[in-house]
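Q: Sequence:
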Amino acid sequence: MQPHADAILPEKIFHTTVVDLNYAERSGNRPAIVFLHGIGRTWRDFLPLIPAFAESQVYALDLRGHGKSGRVANAYASGDYAADVIAFLKHNLDRPAVILGHSLGGMIALRVAAEVPKLVRAIIVGDTVLCRDSLASSMYQELFVGLYEIVMTRAPGQQLAKRLAQVQVRVPGLEEPVGLGELLGNRTDLQEWADCLEMLDPAALRAIIDASTFKDFDCEGVLKRIHCPVLILQANPQLGGLMSEEALEKVQRHLPHVEVARFRLLGHALHLGRAQPVIEAVEKFMAAISI
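Everything in the sequence shown is counted per our numbering, starting at 218 for the first residue and increasing by one.
Note that these hints are calculated values from the structure, not bench results.
You may find that some hints are simply not true.
Unchecked claim - Pairs of lysine-lysine residues, derived as DSSO-like cross-links and limited to a Cα-Cα distance of at most 30 Å, are as follows:
| id | residue 1 | residue 2 |
| --- | --- | --- |
| 1 | Lys-441 | Lys-467 |
| 2 | Lys-335 | Lys-501 |
| 3 | Lys-432 | Lys-335 |
| 4 | Lys-441 | Lys-501 |
For clarity, every value in this text was computed on a predicted model and none was experimentally measured.
Kindly generate the complete structure, drawing on both the sequences and the hints.
A: Below you can see the structure in the form of structure tokens.
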């Protein structure tokens, strides 16, 4: 079970000109790390990681439409998310930050680094999807449709957890679909996910399903404009990882000095599965670039 959030970080609200963003903050003497979570999750996903960076200033955001942040009608494209993060960085930081983004958060981190390079010291990208096609061909498209149907029931958290356990997904290497309850095998994990979904704007999930989130994301154009150090955390595609070797090769063509940490025993959830290997990779990367 994750530690109680309030025992670690206080939560605050940042007002952009468009939406209120909920975030958690911790002071520190080292450059800030800004954490960006994936679709349908909240900043609390990073509770397994944050204690490891005890000397760093920490900001962990709830993206628009997620957690305690505000909702915006039909505005869940990658540029919308990135604009929120850029506004946050400009208002709250006095020196460049490290951005660590997981999944959707990784795509946002890439875009922010491309658009405001002076505000970004380095980015760490956790098993993100770089184009709509790679998501559509994965197990996650079917999963997101199932999650959307559950969210639209507006059921309370405990009922959501029960329904979540019954969602069927196709897992690489298995012929028959498997229920999420069997995959997770942990009531706490199911309930935490259900709690995230209870706070989620369904429109954010729908934008993933219909590709609205990706419509303004020019992968090659973004990569060409990134000049800061980059670490890619690649989960094992055979365990549900989203970033294929082909996608990784595309990144390496445009970012020849990118660092890659491959986790053969971890699926897409990465640090939510086992935090320590991820912490070690991030610490090694940050030490190499003197952060």
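Q: Take the hints in turn and mark each one as holding or not.
A: Results of checking the hints against the structure:
At most 30 Å may separate the alpha-carbon atoms for a hinted pair to count; Lys-441 and Lys-467 meet this at roughly 11 Å. Of the pairs offered as hints, the one joining Lys-335 and Lys-501 holds, with about 23 Å between alpha carbons and a cut-off of 30 Å not exceeded. Proposed proximity of Lys-432 and Lys-335 is supported: the alpha carbons are some 26 Å apart, at most 30 Å. Our distance criterion of 30 Å between C-alpha atoms is met by Lys-441 and Lys-501, whose separation comes to about 25 Å.
Comparing the model with each earlier hint shows no violations; every hint is respected.
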